[in-house]
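Colleague: These are the residues of each chain, in order.
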Amino acid sequence: MILLAFLLGVSGAALEVGLEVGWAGRPVLSVVNPLWLTLSNPSPQPFSGEVHIRGTAGSPWRGEAVRTAVIPVFLGAWGRTVWVLPWSIYQGMTTIQVRVFSRGTEVFAREFSLQVEALRLPGKIGPPGFWSGIVISPADFPQDPLLLWPFAELEISGPLAPEGKEVIRAWQAFLGGRSALGPTGVASIQAEPFRQRLSLLRPVPPIWSILIPGIILYLVALGPGLGRMVRGRSGLLCAVVLAFLGLSLFYSLSRESAEQLSSIAIRISSKSVQRFYLEICGLISWRLGEIALPGWWHELLPHRGWRGLDLRWEYGPDGWTTVVPLQPGIPRVLLRVVPEEARVMGGEPVPPPPWLWETLDLPWGEALLRRLPTGPREAEAFWIELP
Amino acid sequence: MSREPLFHEALLTPYHAFVILNAGALVVSLLWPDPRFGRSLFLDALILLQGILSLQVGEAECGFGPRPPEKTLLRLTGLGAMALVLVSPLVLVHRAETAATWPAVVLSMGFLLVHGFVWSLVGHGMPRVVRSEGLRFLAKYGGLALAEFLPLGFGLPGSGLATLRAIWEGHSAGWSGAVLYLGLGGLGALWLLRSGRKTS
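Respectively, the protein sequence lines represent chains X and Z. So the first sequence is numbered by the working numbering: it starts at 20 and just counts up by one. So the second sequence is numbered by the working numbering: it starts at 2 and just counts up by one.
Be aware that one or more of the hints could be misleading.
Partial pick of chain X residues on the chain Z-facing surface, computed with a CB cut under 7 Å [stated by the list, open to error]:
| no. | residue |
| --- | --- |
| 1 | L245 |
| 2 | M248 |
| 3 | G251 |
| 4 | L268 |
| 5 | L307 |
What the hints contain is simulated information worked out from the structure, not anything from laboratory work. Heads up, the beta-carbon is just placed ideally off N, CA and C, and yes, glycines get one too.
Could you put the whole structure together from the sequences, leaning on the hints where they help?
Modeller: Here it is as structure tokens:
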């Protein structure tokens, strides 16, 4: 489905905005879909501003999670630019809102409706012909394997550049795709066991050696304090409460510096893929806040409780950054395909822990799992090498 | 005539039990295998135990005979604040372990003060409305349970449990419950002042 909108901006400047989501306009649920944003400036004045793309997933019952991409735009006179974004489509995301701002003023706003496919699609790369699925021209072939996620299988019926074959191999190895180019690696990812593992992480355990004696002493000391209070003498009670308030304040402040964010990193590489690897990152925080991760990350949402599970992608001088708002105790599971060669940094081979086994559906018998040395804020880190 | 004590003997055990039970709830919440549940367990226990204590305080204050309404208001507020002061070392430990913000702690304590005041007014007014002790017991604690749990089931504001959790986590969802309790507290105080003047 191709959606185009044209609107006159303020101060006489015209701005044309086009949006297309999904291959052949058929976005697929629960995966990353290509989103093409076309901006044209048909006026002789250059245009400078910011584009905000916003989609809301979920419902008031399930909870709503907002996805926002912020792109700074500069268009010369009669300039035109096309952005291709890996946009995640979730249950309930029936519209995408595009707003354009220039010098703090909104110059364009429009909601584009979506008709979402429930199942991944069959596709073909090659010349058009008698084919019920979607046909991709080799010229349109994406550089990012995530954009092929809407396809369940791909038929290759034409010449393809080596880079294109590499993208297809990465899609097969990490995103459960099927083609004649080789075997499937990670067939599916079940985020729930990973989420449960994350929710059990407590950044720093309580200092029991201080807490338990302190609480017992306080409860014992309160008895005589309250007894004297009945007789109108409040001195002992005030002294006990003040002493323990001071102690608990000291305890509370001393814990301020304790690490409040924990993460588990899983990196998956395949011997058949040279240029890409899959990175899955689980985050849990004990403090309200947000974290900015370099790159464009897709989130695997839980079955329910989507309220506040927002993501914001911002484009800056160093490329995309994903800003993840964190709520205390609520795990976030994110993934991305990294366009770099996998470099295994040592680590001892280990059998897969049960939660990891349940999370990733892959040929475990042929895979090699290594536990990596953990980085800052990392509770655990794993590297999986697929054949 | 001897001066009336600020803290009556009948309240000694309820206050001590209130702190002991909250300390137990704190330890259980820290040991709970799922930290997400543990985060709210202490707060849930705190608000329910505070509701029970406030009902007992209100009823005990009513039993001490007629007083000027202003004095009753001051005593109910003071006794509610005292319960919070006694439990505040535990609240500070919970803050440390859940990494809650200081404004959230201050707002939570403010809400607890209002919540306690409302339930102590209920406890204070109940003997005038329900004469039978058995029925009064049912009405007091049944009413508290209904008020705390019923709105949760229907997703309505007003449950102290949901309000305290939301304020503690810094969610705006807690404001409706806080405003409701503030309104109830204000109306209750007005009712007490007016009815006290009529009877005196």
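Colleague: Could you run down the list of hints and mark each one as holding or not?
Modeller: Consistency of the hints with the structure:
no.: 1; hint: L245; in the structure: holds, 5 Å
no.: 2; hint: M248; in the structure: holds, 5 Å
no.: 3; hint: G251; in the structure: holds, 5 Å
no.: 4; hint: L268; in the structure: holds, 6 Å
no.: 5; hint: L307; in the structure: holds, 5 Å
Comparing the model with each numbered hint stated earlier shows that all of them hold.
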